[in-house]
Every structure is written in structure tokens, then in C-alpha cells.
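Those protein sequence lines, which keep their order, are chains A and B. For the first sequence, position 425 matches number 425 in our numbering, and the numbering has no gaps at all. For the second sequence, position 135 matches number 135 in our numbering, and the numbering has no gaps at all.
Check each hint, because a few of them may be wrong.
Any copy, or any two copies together, can satisfy a pair, since identical chains are not distinguished.
Said to hold, decoys possible - Here are the computed lysine to aspartate or glutamate pairs in the EDC-like style, where the Cα-Cα straight-line distance is at most 20 Å:
#, residue 1, residue 2
1, Lys36, Glu410
2, Lys40, Glu410
3, Lys356, Glu63
4, Lys626, Glu598
5, Lys626, Glu340
Rather than coming from a laboratory, the hints here were simulated on the basis of the structure.
2 protein chains.
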Amino acid sequence: MSLLEPSTEPLDSASLQQLLWPQSIAIVGASPKPEKISAKVVNVLRRRGYTGRLYAVNPLYDEVLGMPSVPTARDLPEPVDLAVIVVAAAHVAGVVADCAAAGVAHTVVISSGFGEGNGNGAEHVAELLRHVAASGIRISGPNAEGFINLRGSVAATFSPTVEALPDDDSVLPGDVSVVAQSGGLGFALFNDGLRRGLGFSYVITTGNEVDLECLDYVDYLLDDPDTRIVALFVEGLKHPGRLSAIAAKASCLGKVLVAAKIGGSESGRRATISHTAHLAGDDAVYDAVFRRCGVVRAMDQEELIDIAMAFSRCPSPTGDRIGVLTTSGGGGAWMSDSLEATGLSVPTLSEPLQAKLRALIPEYGSAVNPVDATAQVVQTAGGLAPLLDVMAASGELDAIVLVTTLASVELVQREETALAAALAASNIPMMIYTYSGTGPGSIELVSRLGMALYTSSRRAARAMRALVDHDAFMQRERLAPGALDVGGWPALEGGPILVEHHAKRLLRDVGLHVPEGGLATDARAAGALAEQLGGSVAVKVQAADLPHKTEVRGVALGLVGAAAVQAAVEMMASRLDALGHGAVDGYLVEKMAPTGVEMIVGAYRDADFGPIVLVGLGGIHTEVLKDTVISPAPVSAHEAQEMVSRLNGAALLQGHRSGEPADIAALAACVATVSQLIVARPEIEEVDLNPVFVHPHGAGISVADAMVVIDAEPGPVQQPRDAAA
Amino acid sequence: MSLLEPSTEPLDSASLQQLLWPQSIAIVGASPKPEKISAKVVNVLRRRGYTGRLYAVNPLYDEVLGMPSVPTARDLPEPVDLAVIVVAAAHVAGVVADCAAAGVAHTVVISSGFGEGNGNGAEHVAELLRHVAASGIRISGPNAEGFINLRGSVAATFSPTVEALPDDDSVLPGDVSVVAQSGGLGFALFNDGLRRGLGFSYVITTGNEVDLECLDYVDYLLDDPDTRIVALFVEGLKHPGRLSAIAAKASCLGKVLVAAKIGGSESGRRATISHTAHLAGDDAVYDAVFRRCGVVRAMDQEELIDIAMAFSRCPSPTGDRIGVLTTSGGGGAWMSDSLEATGLSVPTLSEPLQAKLRALIPEYGSAVNPVDATAQVVQTAGGLAPLLDVMAASGELDAIVLVTTLASVELVQREETALAAALAASNIPMMIYTYSGTGPGSIELVSRLGMALYTSSRRAARAMRALVDHDAFMQRERLAPGALDVGGWPALEGGPILVEHHAKRLLRDVGLHVPEGGLATDARAAGALAEQLGGSVAVKVQAADLPHKTEVRGVALGLVGAAAVQAAVEMMASRLDALGHGAVDGYLVEKMAPTGVEMIVGAYRDADFGPIVLVGLGGIHTEVLKDTVISPAPVSAHEAQEMVSRLNGAALLQGHRSGEPADIAALAACVATVSQLIVARPEIEEVDLNPVFVHPHGAGISVADAMVVIDAEPGPVQQPRDAAA
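Pulled out of the complex, with its shape left as it was, chain A reads as follows (with noise of 0.2 Å):
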């Protein structure tokens, strides 16, 4: 929404840390009511153990709750590292520019009022970024609900969640990070998270982001040693375009962005609007965008805790083999479908294992894998423990899943000591799903032993799939993506849409096969060049304003002769002129291709995240199946080949049943070369090569017909991502 421009620069990390780690707060239109926000916020700051300087800003008292009052901020008796503002919409830019003027670096605005829903509030939001521009002091919010910095002991929020957090040292502080947009749901994640056992260092809501932004605070988390997994939650990003490059400085970094976005459907589109009156991005290229730099994408409130505990307690898997151990039959069996349905593996074990296994479970269990130890091998046999670690020890699997009931913790618990060595012995991922919920201090238990922890198979299924999939992302990111050539790419001619006959010219330039063929501009050259190119010929009426050949009967395939061709394009153009069509720029005769597998290839700029690349099953299927992958260009022929291989119709270009595969190498190098294009020409606005036929393996592409559209005034050249990245 144009009221959040001019946006303001992102912050240095010293700034955030002043922000975050202030050694003194102003609490502006602070009351001694203890229902109001701002006495909350007082509260709060004291019973999570504040240390700092408190001072209070009201013109009524010389004192409120025990803080020293003065009538305005520019009366503080030092330049605070933050001010926390609770006024009116209406005052607070004033408050603002008192701020900036005692030299408070930093503002969380929780008043709401700032053009929200159907509210008005869009000159207030100019008035506040005058200040931030004229003097530097920065705002967070408005319309947060705070931040709580755990290891710091700093709860700026009225939060109802942490008001209501236990006095005693039984919060512990963790890897985990959260930062939301939404100040309710990012309170109710920690508050999840917490009853849990997950362990946080600090929660940080953004409110409208006039000002700072998420991202922002992202950069400053990836930078906190105690933080190594930030939980986002976005309605949609101020500034997209940052986020490849923080995504990138969290795996140099070895941490992770999990991100839950919402606004994907067209109600929770409306929602976001007027809401935050953030654009939510299109869902899809989001979700290219998360996949492409290593987000892992969680779909609602429960995924994101869920894996963020998978991330905060796991090591890193290095495959997709899943074991099972379980102490009830059917609980194994429901884990095992939910591992399978999410595309995982849950191999059978190898006889030699299966056999050591035997020997450690009763009678009427199963070794197979699921491995079933039955209810009794906690009560007679030998427990758990050495089974996880027999199975650990296999080189067999990858990662464990144990199934057991929680409902009491005295089953696990007679094995604590003999788990947590299994755990230490082993590097793989092992989580637990209870079957029969977590009964009282079995969530202490599991986070002594460090493991994951579910109540649901599917849930403890999709955060192992996050584990499995971001590993083979950083396993994929190691690899060079090959140096992208953009230099002399030729330049364009036509426009605003290349017609398929310019757009040909600038394929075959950048290395891209296309028919053999030439324009004739009448009948007679037509014929003379069908007789020059020999068999089969295409001839298809050329013009700007006819980019939908077919409708108008301007596409002939198959004509073989001058004279089949001839008569052709006489009729094309006594149709034309029925219809009373202008001029044409000609015919476009072409060797007909030889069939194969149709594909489109496309590119086009998305308005946040730039160039995109499109590849899909082609002709009939493109609007039918609507079977397309996308990602942010450019990509190397290798992203591209994985691109392809996630098509629905993938098995489509493997040969299913003339048993002859087509060539995907040269499909994924023209993906490539397609998106390579779209970054080094700014004025390229669309490419759409469709159909594209991709021959038999060897034997490459055809790119049969093509559209170009070009921008009259691009923007600046859009540079292709970091190539470290």
C-alpha cells in the first residue's frame, strides 16, 4: 500500500541491540490504572526481572507505579535507549519528535489507529516517517504488541501471555527465536512452544511496520549466538527482494528460517489487507521463493512449532530412511502411514538386524519396521534403549521415530538414564509421538532427553520431512551453480509483443533451437521457401495484433509443396482482409518438428521477488492440468532439471511407455538459458515458449511457437541473485 512509502533504511545490528537490550525504557502516557495497557506494560517489564532504568512520561503525576513521571519526553532526565508509547493515534508523531529531540534511540508504538481495517490513520503514518527521516530515531510497531527478550530478562509487551507466565525460573530460554506480524498469534506460538518444553531467547512482534520491518529483526537474530532457528510469521514482506540474501546469511550460518505465511487463500487475502494493510505476495511465488532459498515453509500454528522443536532438538538427517519403534502395534502402523504419506521411507530392516533386534524383543513383537516391542518390553525385557541404539548403529536408517504412550511418564522414565546415552551415542534425528497424549512430566522428561516430541503422527511425519528436505537443500546449495553467462545477449527488436518471428531470432541467438524457416511477406516467397526448406512445411500468419494465430485460421501444419503452400497463405489473407485485418508483417514458413513430449518454458517479473521462470507440461495440458513449477530466475541447469522432476507429469518425459526417455538435459538447459535471459534484459517483460517439444534423449528441443512481450521503460537492470548464494 502506497502509505508505508518512503521506506525507511534497514537497521546495523548495534542499533537492534540497543533496541532489544535497552539499559533504560520511557513508558509515554504510563497510568497508575493497573487495567490499562500501559500499567500492564510496567508489569510485566518487573515481574520478568528488568533490571534497567524505568521512567514514566504523563504530565499528571510526578510518579506512577513507583517510576519517576515527567510532563514530556523531551523532560527525561537521559536519553533513553527506548521509549515504549502508548497515546492516542493522534499523539503520537508529537511524541515522536520529543523522543528524537531528548535523543532516545528507539520506539515501540503499540497505539493502533494507523490505517488498519477501515480505519484512517494514513497521515499519521506520514507524520511519524517525517520524524524517522529528519532525525534517525527509529519506530517499531505501530499496532505491536511488544517483545519479550528471555536471556535478557527485557518483557516489553502487554501481552497477556507473558502477564500470565509463572513467576519462577521454570521458563527456560532457548535456540529458538520468534518474530510475527501478528503480536496475538506471535505471543500464542511462544505460549505453544512453551507448553511444549521448547525453549526461546526472544519473541518480537512488528506490528504495521511503518518503520522497522520483520526482516530486520530476522538479520539481528541470525546474528544472536543463542539464537538458531527464527519462527516467522509473515502476512507478507515489505521488502520481498531482501529476503534471498538473509536467507542465504542463515545457511552460511547454519540456522534456520521456519515461515509460516498466510494470505494464501482470497478471504485470508482480504484478511491481511485489512489487517495490516500489507499486500499479501502471490502464494505461489512465495512459496517458489521460501523453496529457492531454503525457507522451510510451515502451513499453520501447529507446523511451525512443530518444527521448529524438530530443528531445536535433531541433528540433521542425512537420507530419508525412517526407523519405527514402537510399543504398540497399531501405533507403529499409523506412524509408518504417516512417514510414507509424506514421501518418506520406512525400509524393511535386513535379515542380520532384524535378527540382533529379535533377540532384544518379545515373542509377539516384529522386527520387520516398524520394529514392535510390545507394551511389555519396558515391564520384562530389556527396555528401549538398546533397541535405539542397535538401530542407531545400523547405518540402516537415517532418523528414529519412537512410538509409546506418555499418558504416565513412569514408562520412559525407568529408562532415562539408559535413553539419554543412546542419544548421546547416537547422530541421528530420533523424536517420539505418543499415541495417548502427554500425561504430567512427561514434557520434562523428553526435554531432558532433548528429543522431539508429538501427539499426532502426521505432525511428528511433516517436521521429520522438514528435516529430510532442508538437509538435502543444503546438501543441494554446496554444490557450484555453474557461472551464468549474461554478456552479449543481443539486442531486441519490435515490441511491445516480439511476435513469434522476432521472438524466434532472439532464441536462435541465445542458443536456443528453433525450426529451420524464414518470413515471406506474400504467397509466392512462401511457396519459394517451402520449396527451398523441402518436406514438411508450417506457415503461420505474422502481426503484432494477432498473438492468437489459431483463432484466425492463420496457422497451416504439415503442407508439403510450393503449391500447397501458395494456396494456403492466399487463403489466410483473403480471410484477413474479410475480416478486415490490416497489415501483416508476413508468413513465418518453417521445417515442421518432429514431435515429442510438449512443454511450455516461460519467464515473467513478479512485482516483490523480480524475475521468475516457469516450466510445465505444454499445449493442451498447460490449461487443463496447470501442471507448471516455478522458481526465482535464474536457475542453473541443474535447478532447472530439478525444477522438471517435480512436475506432477514428470514421468511424462521419462519414457513411460515407448520406454524411450526424452531429453531432459537440453528442456532443463533451455529453462535455464530462459531465466538467464529474463535477469540480463530488463525490458523483457514475458517469455512464453509454448509448445516447446522435447525430442528423444540426445536428439534435444524444438521450440515450435514463442511470444516475447517487452517493456517500452523497464526499470533498472535487476542484477541475478548472489551467485555464492
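Knowing the structure of chain A, use the given hints to seat chain B on it.
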């Protein structure tokens, strides 16, 4: 597994009444040691308030745990209604014989050792079944965890879940009953449901089902006035053929069967087989059967409770237009995304309705849908109840999800009376999704209100979708399926494989359109036939041992004139000679079918569920896209049309490009006919029509290729499903 045979007869309800409401119970193998399973059963029975007569059977004592004890079951002072048997597997059959001699009606066999896992025990099963057959005594189990009848205060189980229940009256009975083949999971479901505020009537675990099977209990529960929802956990059904009649009974009585079935994956099936000796049926067939007879399928344990909760607390919706009322913009957007992701609609509300709602919410809210009432609505405005009233009465919505926080109960509690009134005044489903968990007292509050409660937007959406789908099913069921005329089908010639020309004669006889043509025995005759047919023809070699004609290049398409056909047949014949192939039936010469959308129509017999009909994308798509829908046969044309609409590629038939839709009605009629054919003729094993060309609307279909497989020794005629179903 064959060890389950011979099977026994289903029970009548009166007899199960004696099992589940016993006046007297004997514990065979009762031990005074509290850690023993038998002692736990006695303890649980007493703690849950059993008031009938209890006896112990144990030769070592005169009294056990306050019960009179007798040496053997033959010495019992009365023929008890139920004997719970907890002795070693080898002694169970003897005990059952004693019980039978003493006139005991029912046994629950808790002991394991009857062929589970790697263990033996087939001989014990056989012995048990002999006693059942000889005396009429019935067995629940073995390897069962028993049952609980909450209204009758009969808890004949050692389940730790039941043992751990509080003594007080906080366990309120309700309208959900659980039947589970896995004892651990059955009582885990009960426990999960209780924790979430759900009320139960019965939890019954069925173990290995050597005698009584889960459908016996389901049948009983459908007659139980206190049970409205049966939650079924199955690994595989012992007599799958009984399911459709029992499901039809549920529909007639307005009750709902919700089923989770494991064993969908290969490893899951391994676990299932090793667990209870059931062979899990083909998962896709179970899916189709469940859908066909209105059984709601749950994909995991949480979803089973999620869906049971929805049916227990919500009336039936009459459409898929869902309203979202939220106190958090982010939570509302997430809910909307989830609803639309499951295929439900979250429509924009009409302007007059929005105006009414705007009057009830703060300025910064939104009335579009999701209706964002903001967190302030409950603080300062009139609360949520008036909004629910307006939304429910609008006629624009078929159901409502309220999104709010229940981290603290006060927010909703202060409106309890008004919300209860709003719910009482409406007749549409209303659910609550809390994005911040359930604080103390909130589950009780929502239970009092009678709203379904979820802590995940996705799970709430799936439960809502189950309600909407089930209502659509109930509406559909009320349509008359139409009289299925299965009389007068022709006799079948040839076999075991009816080659194309035989198969097509059959198809023509049953009214399906096949291209005009006939069989020629040699090249000259083929030429003459082509001449007679005129136009372009197809020629295909016909021999029972050449089902894949194209592999021997035995097909030639688009030939014109006698000479071309004669030459083609000569070439085929010489090629077959060269391959050493013997005599053929001849050469099928047919008019080329006009083109159309290529589909496959087929039918086959499933070992569990009998005749199944299939429709899908045909030709090359069949193998690559595997886009097919199956259903138990027979289906009406109306049902067939619904099957077609569920294909991923259904748009192929709807004139996506040409604007000319295909003749879907003719395709549906073809599917219905094939489904009736396989039901009427038990000697037909398989029908495979591929491709079937579906011509433009009104122009019908052409069956271009066909194969029928005949079983020389068919079983008895399978009757079509009860026409009233």
C-alpha cells in the same frame, strides 16, 4: 489370514446387551496381587462404580480382593453374563470350555499369544473356535483391552487410561462411542476426547477378533439411543462385505460413522499384518467404499476426535459458505486460508450485511469476511454474541467459525449467557478456533456452550469440511439411484480373455457405442470390408494371446481404400509369421472413430469389497497421470457423473479450450453400464475400455479399444447393493 476362519455369525443386539450391561462378572485368573492385570480389572470395575455381582475364579483362594473365589468356571454359583479371562494362552480354551459348560454367555479374553507378531498360537485359535461353534458362547478378543460402558458403569478393562480417571463425576457421558481394534489406541482416543471435553457412551476394544468383530459392536451401537457418533479405528475388516449394510443403517438412523483406517502405506501394512493378523485391504478401495456409503474417513488420531467433536456438537450445515468471526486479524486470515485450502468457501458478505456488522465493531475492524471484530469488541463494544446473531440470521452463511483466544477464559466467559442464546437461536454449525491454546476452565466453558473446539485452524477446517461433505452425502442418498436393469444380458463367448472383437460385440449388445466394423479372416476380406465401410478405417489383429497388439505392430490406423487395407493386413500377417506366431482370430476392420477426449472406463473385482468400477483419463494419460476415481459397483449415471467430476483432469471434458464441452452424460452412462455389467455377470473378472473417446456434447462416446477377462469358474452371483441404500 486363514487362521481366522471358520468365522462365526454376527450377533443379535440382545446378546451384546448382555456383554455390555452384565449383571454378573467372573474374573478368571483373578490374582490378589495389585500389579497383576486381573487385579487391575477388578480395581477399575469397582472404581468406576460397577454394582453387579463379582466372582473370582482361582483354585488357590476362597476369596480374592473381596470376591468369592471358585476353583474353576464350572463351579460358579450362577451362569454369569460375562467372564473376563486373564490366563496364559495355552489355558484359555479350557477356560472357555468351562465357561460354556457353566452357561456363561460372553467372554472377554485379555490374554495374548494367539498368532500376533512372530509368535505362534494358531492351534489355540482353532481350539477356541471349536468351543464357540459347539456351545454358542461368544468371545471378545483375545489380545483385547476390554471395554467401558460409561452409562452403565461397567469398566471391564485394565487400561491405564481408565485406571487414571478421576473418581469424581467429572467424566460426563456423551454421544460418542469408540470401537477400536487396537486397545492402546482405542483408549488413547477416549483419553484425548475426554481431555478435549468430549463425552462418550462406550469404548470397546476388539483385539484379534477371532469371534466377535468390530462391525458387530458398531451394529449394536447404532441401535443404542445414547450413541450418535461411532468412532471406529480399524486396521482391516474381517468381513468387509458387511460394511455397506451397516453404513446404510447408520444413514437411515441419522447416525455417523467416523473411521480411521491404518495400513495405507507399505510399511503400515507390514505392521498391521504382524500386529493383529489382519490383512489390510487395498487402501484406495477402502477410501472409495467409505465415500460410497457415507463413512467419514479420518486420517489420524487427532482428526478422528476433531471430526467426532464436530458431529457431536454441530447441527448439519446445508452448504459450504463459511463465515469467520475473529478477534485477531492474523488468526482470522489463517482460519480463512485453512477453510479455502480444504475447498470450502469464505464468501464476501453482502453490503447490507456488512453495514449491519460495521455498526457492531470498532472502526479498525473489518466486516468483509473474515469479520475482524478486533480484540476491543469484547472490551468496549457489545461483544461477539450480537455479531454471531447477525451472521447466523443472514442466510448468507452455512456455518461460522469463531476465532478468538481462550488462553484466558474471561474474555468469552463474560458473554456466556449471550453466546448460549445466540447458539440456541441458530441452526447452523458454530465452531471455535483458539489460536492461543486452552487456558484453565476454557474447555469446560466451550463444552457448556456446546460448540466444537479446535486449537488448529487446519484441523477446524478439516472437521468443518467433514460436516459439509457428510451433509452433501445425506442429500445425495435421498435421490433415488434409479432402477438398475441387470436382466437380459447376453451370454459371453470366448475367454479367459475376450479379445477386442468379442468384447466389442458384448459392449454393443449392452448398448455402448463401438465403431462400425467387423472381423475379416484374411487380407482380401479385410480389403472388401473396408471398401464396404467406406472412408478411413482402422485394422487390428485379433488373437487371445496378443492382448497388446501395438507391441507386434498389429494396429494400423487411418487407412483408406481396399488396397491400403489389404497391404496392411498382409504386412501384419508376414510379420507375425516371422515372429513364429500361430493362428489368429482374424483382423478387425472398423471405421475410424471421430476423435474426442480420451478416457478409460473399467471394472474389476476386489477381494474384500467385490465389484469396483473405475473411470479416468485414458490413452497415454492413464499410465502417466494415474488420474482415476473408483467406486463400488453398481453406480447410477448420477453417481458416475459425480465420479467424473472428481478427476483432477475433469476440465479436459468441460471444453476448456474449444469452448465445446464433451458428452459427460454419455460417459457417465457408459460407466454406469459397465458397473452394472460386472455386477450382473459373476464370470466377468475385469473390463478395460481404453481409450473411450468422449465426443462433443450430444454426440456420445465411442469405445475405441476393449478387453474383458472371464473367470471360467465364477463364484455365486454377487447381488447389487441394496437398491434402497
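- [ ] Compare the structure with the hints numbered earlier in the document and write down the numbers of the violated ones, lowest to highest.
- [x] Those not satisfied come down to hint 3.
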